[in-house]
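Residue numbers (our numbering), protein chains in the order written: chain A, 42 to 449; chain B, 42 to 449.
No lab work stands behind these hints: they were computed from the structure.
One or more of the hints may lead you astray.
To be verified - Sample of chain B residues at the chain A side, in silico, Cβ under 10 Å: (1) 63; (2) 200; (3) 204; (4) 209; (5) 216; (6) 226; (7) 227; (8) 326.
To be verified - Result set (BS3-like, lysine-lysine): computed pairs, CA atoms no more than 27 Å apart in a straight line: (9) A/57 x B/50; (10) A/211 x B/220; (11) B/417 x B/274; (12) B/228 x A/274; (13) B/220 x B/197; (14) A/78 x B/78; (15) A/214 x A/78; (16) A/211 x B/214; (17) B/197 x B/162; (18) B/115 x B/211; (19) A/228 x B/228; (20) B/78 x B/269; (21) A/274 x B/100; (22) B/297 x A/310; (23) B/297 x B/269; (24) B/197 x A/57; (25) B/297 x B/378; (26) A/228 x B/214; (27) A/403 x A/417; (28) A/211 x B/57.
We treat Cβ as the ideally placed atom computed from N, Cα and C, and that holds for glycine.
Protein chains: 2
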Amino acid sequence: MVRDITERKRAEEELKTLYRLGLDISSSVNLEELLDKVSTYIYPLFGTNTFYIAVYNEKRNTLVFEIDYEDGVKQQKLEVSLREADGLTGWIFKNKTPVLIGDWDQEWRRYPIVPLFLNKKTKSYLGVPIIYQDKVIGVIAVQSDRVRTFDEKSLKLLTTMAAQLSVAIKNVKLIEDLKMALREVEKSYEITLEALVSALDFREHETQFHSKRVASYAVRLARELGVKDEELKYIYWGGLLHDIGKIGVSDSILLKPGSLTDEEWEEMKRHPEIGYRIIENIDFLGPAKDIVLYHHERWDGKGYPLGLSGENIPFYARIFSVIDALDAITTDRPYRKAQSFTKALQEIRRCSGTQFDPEVVKAFLRIPISEWKKIKQEVLEVRGELSKQLYVTVQLAAEETRQLLGSR
Amino acid sequence: MVRDITERKRAEEELKTLYRLGLDISSSVNLEELLDKVSTYIYPLFGTNTFYIAVYNEKRNTLVFEIDYEDGVKQQKLEVSLREADGLTGWIFKNKTPVLIGDWDQEWRRYPIVPLFLNKKTKSYLGVPIIYQDKVIGVIAVQSDRVRTFDEKSLKLLTTMAAQLSVAIKNVKLIEDLKMALREVEKSYEITLEALVSALDFREHETQFHSKRVASYAVRLARELGVKDEELKYIYWGGLLHDIGKIGVSDSILLKPGSLTDEEWEEMKRHPEIGYRIIENIDFLGPAKDIVLYHHERWDGKGYPLGLSGENIPFYARIFSVIDALDAITTDRPYRKAQSFTKALQEIRRCSGTQFDPEVVKAFLRIPISEWKKIKQEVLEVRGELSKQLYVTVQLAAEETRQLLGSR
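Sequences are here, hints too, so could you generate the full structure?
Laid out in structure tokens, this is it:
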């Protein structure tokens, strides 16, 4: 009777522990946190601090030993190709069958495998497959340097844990997959914007990569001004899109080599508004739209299209107009060669308080010239691969067109 | 002793049930499924089939009675503004405190509230807040038409359930939020493409909405041909982007009112390739890219740019080229007025096996003309809002430009 009650008490304790484990692990949102939590339950339930959890990576067809403890000491994460994983873990995984070994020296002949722990002091071993909806997704195992540490009850217990674990792992993976998908779509969004905008940029041949470059510059300056990381994407998108309205300006004005007439100039000045109209319904772009509409406003109110002044101009647009000037000065234009960054800094300093927000200029001047040069180079070399290819193609087309026009 | 063992057995049974519940609910990926699962555990644990679960909706500041059973009969879902929810549920929610009522007729004076079940036969009641990281996210309650159905032990049990539930609800909400975010970004992606491509379309004034319209047409035809739902987006994107390469064609050719010279025509024919170059690195677009590159190939091999024939032309491009012809025939062109859909069908039937894939034409001819007209109207009216605004702006700009050019 007493034995029965003791036994019952033990079972109840285990159940309570399992219950707590379930609660604990289901609140995890990433695999590492989840498995770390599981680790703290092994000793109370199995009396050993040598154990591991391997999770199957479907894409790479590998078993990843995410958790591996030996005598309580955490080992390095290890990834093993499933084909090569012919140790006990691979055997359990492939055969979907648990393995309970009371004394390895007596029983090793039963398993047609060379276990990975052969040279270690492990005498008894218990490993079970982690199964989710009939598919093995991993293996959890406990080990001991004493013989017969685990019994049928341990097997039942570990199997129950594995069932909890399978659901938690699947949840965590679903969340991780969704997060990754979200990042990928956002990335694609950016790449698509870059590609379409680069294509537009090529109409003005002298400013290839202009949008991509100013977008990158603007992010740097915004950071200097303490703009939060999660807001920087809006600066970047705004930078990419700022000249999108030039799509409404005809080649004859946009590509005119000489200076524009007053009327042509009026036409050119409509591009911020046209650009804004193009993107105004895209909620996702948020404050990026401010940059498109207001990037030609001036601090002293003499800009366009609305003639706003001072802090009435949205902050991101005030940041951007400094950057747009920086790029205009430091790249070739049809009517003059590119000037140095030193020259650009002088010019921007000179226009602080008239064209530009003085606070923004102050932050701008804190950034060393080397950084602007580095960004320029990166856009050209590292991130400009796509644009370069495109450049060659579109440039060629444009060149042929010019020849055709010339030959008529 | 016997009582002790019985008690212990009961506790163990409860714990086992709770354990199973935990496993069950943590595998849910949507709220409805989750709460339905919880519902099946109420009777075994509390001996009643009258209960409800209300979940807080942060955005709308409401309590949503997601689950409401009376004597085992599922009631309609109910949403109550939190301000008005001054029943017991609102009280529990606001005070973050459980309520245990043994006999309502005796105890009602204790609560400064008018309970929602006042006119019902409820005599005893037990409700607890569902708390996640110190914030109340809902209420779970059980009711009975007998007095003193629930005791302190029931309270403890329901509190434990609520703890499990809180984690599961949060997980499910995280997953739902992520899925919604993903849908939103994808939607934004589409809207952005539409906006940028519409902008491009306006260079060829006679084909406003062309890209959006053919994208919608193409989806209809693809559906007729049994293309899977999840693939349709590629058709749509391909339709939107098919003429993106015209960005590399200069105004003088693209907007030429008369017919093109051979050289100009050669230039024009480069647009599929230029378009493909612009988007080729955007993995996300998948087979949409085929439409961009191959939409001017012909079934008989006399198309461009590669002169592919028959099934060597990617399927989506074969679908699209029929649609592109449909739109070309049924919209105004500078050199002729729009023709009827009947005329277009005749023309497409005539070119089956030469210009077009006969199988695709067969499917195309099965679709009644009324459907094409409906889509055309929808794009113009319903989905064309953005484009219309844009049209006015860009049209105006273009008009002014033409006047300027004319006046010089």
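Tested hints:
Because the smallest distance between the Cβ of residue 63 of chain B and any Cβ of chain A comes to about 4 Å, under 10 Å, the interface hint for this residue holds. Interface restraint check: residue 200 of chain B against chain A, minimum CB-CB distance 12 Å, threshold 10 Å, status violated. Look at residue 204 of chain B: its Cβ gets to within about 6 Å of chain A, closer than 10 Å, so that hint holds up. Hint status for residue 209 of chain B relative to chain A: holds, with the closest Cβ pair at about 7 Å, below 10 Å.
The closest approach between the C-beta of residue 216 of chain B and any C-beta of chain A is roughly 6 Å, which is under the 10 Å cut-off, so the hint is satisfied. Proximity of residue 226 of chain B to chain A holds as hinted, the smallest CB-CB distance being about 5 Å (cut-off 10 Å). Interface restraint check: residue 227 of chain B against chain A, minimum CB-CB distance 6 Å, threshold 10 Å, status holds. With a least beta-carbon distance of about 8 Å to chain A, the hint placing residue 326 of chain B at the interface is held under the 10 Å criterion.
Taken as a hint, the residue 57 of chain A and residue 50 of chain B pair is honoured in the structure, with Cα atoms around 14 Å apart against an allowance of 27 Å. Only pairs whose Cα atoms come within 27 Å are accepted, and residue 211 of chain A paired with residue 220 of chain B is accepted, the gap being roughly 16 Å. The straight-line distance between the Cα atoms of residue 417 of chain B and residue 274 of chain B is roughly 19 Å, inside the 27 Å bound, and the hint therefore holds. At most 27 Å may separate the alpha-carbon atoms for a hinted pair to count; residue 228 of chain B and residue 274 of chain A meet this at roughly 18 Å.
The straight-line distance between the Cα atoms of residue 220 of chain B and residue 197 of chain B is roughly 35 Å, outside the 27 Å bound, and the hint therefore fails. This hinted pair checks out: residue 78 of chain A and residue 78 of chain B have alpha carbons roughly 26 Å apart, not beyond 27 Å. Of the supplied pair hints, the one linking residue 214 of chain A and residue 78 of chain A holds, its CA atoms being roughly 16 Å apart against a limit of 27 Å. At roughly 16 Å between alpha-carbon atoms, residue 211 of chain A and residue 214 of chain B fall within 27 Å of each other, so this suggested pair holds.
With a C-alpha separation of about 25 Å, the suggested pairing of residue 197 of chain B with residue 162 of chain B holds against the 27 Å cut-off. This hinted pair checks out: residue 115 of chain B and residue 211 of chain B have alpha carbons roughly 24 Å apart, not beyond 27 Å. In summary, the hint linking residue 228 of chain A to residue 228 of chain B is supported, as the alpha carbons are separated by about 14 Å, within the 27 Å threshold. Taking the CA atoms of residue 78 of chain B and residue 269 of chain B, the gap is near 32 Å; set against the 27 Å cutoff, the hint is violated.
Using a Cα cut-off of 27 Å, the hinted pair residue 274 of chain A and residue 100 of chain B holds, with the two alpha carbons roughly 25 Å apart. Straight-line distance between C-alpha atoms of residue 297 of chain B and residue 310 of chain A comes to about 25 Å, which keeps the hinted pair within the 27 Å bound. Taken as a hint, the residue 297 of chain B and residue 269 of chain B pair is broken in the structure, with Cα atoms around 40 Å apart against an allowance of 27 Å. With a CA separation close to 14 Å, the supplied pair residue 197 of chain B and residue 57 of chain A stays within the 27 Å bound.
As the CA atoms of residue 297 of chain B and residue 378 of chain B are separated by approximately 17 Å, the hinted pair is consistent with the 27 Å bound. Proposed proximity of residue 228 of chain A and residue 214 of chain B is supported: the alpha carbons are some 24 Å apart, at most 27 Å. For the suggested pair residue 403 of chain A and residue 417 of chain A, the alpha carbons sit about 21 Å apart, so the restraint of at most 27 Å is met. A threshold of 27 Å between alpha carbons decides the hint, and for residue 211 of chain A with residue 57 of chain B the separation of about 22 Å falls inside it, so the pair holds.
The structure fails hints 2, 13, 20 and 23 (numbered hints given earlier, in ascending order).
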